[in-house]
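Build the full structure now, drawing on both the sequences and the hints.
Heads up: the protein sequence lines correspond to chains P and X, in order. Take 1 as the starting number for the first sequence in our numbering and just add one per residue. Take 1 as the starting number for the second sequence in our numbering and just add one per residue.
For the record, the hints were derived by calculation from the structure and aren't laboratory data. We put the beta carbon where it would ideally sit given N, CA and C, even for glycine. Careful, some of the hints might be misleading.
[To be verified] Derived DEER-like restraints, expressed as beta-carbon distance ranges:
#	chain 1	residue 1	chain 2	residue 2	range
1	P	V236	X	G216	24 to 32 Å
2	P	K117	X	G216	55 to 63 Å
3	P	L114	X	T10	35 to 43 Å
4	X	M1	P	V236	14 to 22 Å
5	P	D136	X	T35	41 to 49 Å
6	X	D142	P	E230	51 to 59 Å
7	P	E193	X	D142	22 to 30 Å
8	X	T10	P	D69	30 to 38 Å
9	X	G216	P	K26	43 to 51 Å
10	X	A37	P	E193	34 to 42 Å
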Amino acid sequence: MKTKINVQNLNLWYGENHALHGIDIKLYKNKITALIGPSGCGKSTFLRCINRMNDLITSTKIDGEIIIDEKNIYDKDVDEVSVRKRIGMVFQQPNPFPKSIYENIAYAPIKHGLVKKGKVCDELVEHSLKSAGLWDEVKNKLQDPGTSLSGGQQQRLCIARTIAVEPDVILMDEPTSALDPISTEKIEALMLELKKKYTIVIVTHNMQQAARVADYTAFFHLGDLVEYNETETIFVNPKEKKTEDYITGRFG
Amino acid sequence: MLKNFEIILTQIKDEIYNMGQKVVIANETSLKAITTADTKLFAQAKSELNNLAHTSNKIDNLILKALALHQPEAKDLRAMVSYLKITNEIVRAGTNTRSFIKNFSKSLHSDVDFDNILEFSIPLQKAAIDALKTAINIVNMDTTVSIEKSFQKVLVEESKTDDLYAMIEKNLLNKISDNIELSKDYLDILSSLRRQEKIADRAASIANLLLFAQVGGEIHQA
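In structure tokens:
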């Protein structure tokens with residue numbers, strides 16, 4: 001099994017608040033890793049470290065290393081925009097651009113110079129929408145606004161938009177928490193398809209979702225990585241009492 | 001239903017079917033050993049039952065994994081609970097088969113009148129095999145009509161084994177009263193044939209659990 005992301009002794013401070021404490025973890029290629037834990041445990045903070053989103057917060061201080069394909073993404077010679085191109089992100093609330101469905105997909109690839117307008121771009125839009133399982137639903141209304149779609153469709157549009165720039169890794173921050181069960185199942189089924197090509201890291205409060213889709217699960221608590229193992233081990237035979245208490249709802 | 005749950009569900013069903021088939025084959029081989037008087041086949045029949053407990057543990061752990069990771073509901077939940085109990089029933093059917101083979105093959109060397117015993121014991125064994133085979137085949141069925149039809153067939157075969165065993169019991173008790181020196185031999189044969197009747201009971205329980213998985217209601221031990 002190949003390591004895609006190797007995190008070594010990662011610490012993060014928001015001002016005086018030490019939010020992540022010496023995190024060491026290896027995330028594997030073409031696997032889904034779920035990050036679980038109570039609110040404020042640091043799982044979303046950790047997720048945002050993987051594509052340097054925390055750099056946008058001025059009071060943040062980070063040390064340690066996140067090595068992706070043998071390069072520490074926090075090295076001074078690494079441009080954070082290129083990191084975010086390789087590491088796509090899907091957020092809790094679907095956030096399509098106020099543009100057409102077509103433009104939602106085509107915007108970033110054109111901006112990054114991956115394609116020019118025309119046939120190649122059309123093919124990229126079609127491929128991305130097919131990969132996100134949305135093509136059949138929107139192929140006859142590509143010029144309609146992205147915001148005209150249902151919540152579940154909008155989230156798949158955002159996933160298609162992420163895929164369009166051909167990232168290596170997809171980060172998902174509670175991608176289904178705003179969706180109904182049917183849309184949730186579609187996104188989960190999509191994740192299982194996408195992992196064949198991408199490495200996926202998902203933050204979820206839904207333990208059942210982590211159990212259903214993740215190959216590996218990491219449990220965070222108060223900024224510490226308490227336990228990280230195969231999902232089956234975490235949910236059947238967790239080694240740490242804190243993990244067991246959390247997943248059985250006895251935490252407190 | 002997510003694809004990874006479908007995969008694990010199919011794997012569990014396949015493993016249960018294969019495990020059940022081993023017990024069916026063991027019984028068919030032991031029947032052949034008796035009808036052809038080829039005692040070497042008894043060893044072959046016994047070898048089919050090797051690792052049955054290991055297979056059962058493997059399936060139970062798969063079921064545990066499916067329950068923990070996928071939290072199945074309704075029909076899927078009933079199926080998982082049924083499968084968990086079915087592995088136990090197949091192990092019990094296997095234990096009865098092994099015991100039948102061991103004791104019945106020993107009895108073949110005794111001085112008892114076997115022609116008369118085989119007249120009833122072979123139909124008893126055939127009915128038990130039919131019951132088990134039919135019950136195991138339900139694992140791969142997906143319509144209520146076909147499952148109910150097979151369930152009824154299992155009940156008929158199981159009822160046959162009850163009747164045949166009662167006739168054998170009566171017959172052998174008469175023989176014991178005629179020839180008291182051979183009473184131990186006859187009682188050993190009776191005890192081994194009782195195992196066949198128990199195999200049919202296990203088959204009825206398996207069919208009952210598979211019907212419960214399909215149509216629901218309340219789970220109860222057959």
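Going down the list of hints, with the structure as the test:
1. V236(P) with G216(X): 24 to 32 Å: Distance hint for V236(P), G216(X) holds at roughly 27 Å.
2. K117(P) with G216(X): 55 to 63 Å: holds (57 Å)
3. L114(P) with T10(X): 35 to 43 Å: holds (40 Å)
4. M1(X) with V236(P): 14 to 22 Å: This hint holds: roughly 21 Å between Cβ atoms.
5. D136(P) with T35(X): 41 to 49 Å: At roughly 60 Å between Cβ atoms, T35(X) and D136(P) fall outside 41 to 49 Å, so the hint is violated.
6. D142(X) with E230(P): 51 to 59 Å: violated (31 Å)
7. E193(P) with D142(X): 22 to 30 Å: Given a distance of about 25 Å, which is inside 22 to 30 Å, the answer is holds.
8. T10(X) with D69(P): 30 to 38 Å: holds (36 Å)
9. G216(X) with K26(P): 43 to 51 Å: Since the Cβ atoms of G216(X) and K26(P) sit about 45 Å apart, the hinted range of 43 to 51 Å holds.
10. A37(X) with E193(P): 34 to 42 Å: violated (59 Å)
Violation of the numbered hints given earlier is confined to hints 5, 6 and 10; the remaining hints are satisfied by the structure.
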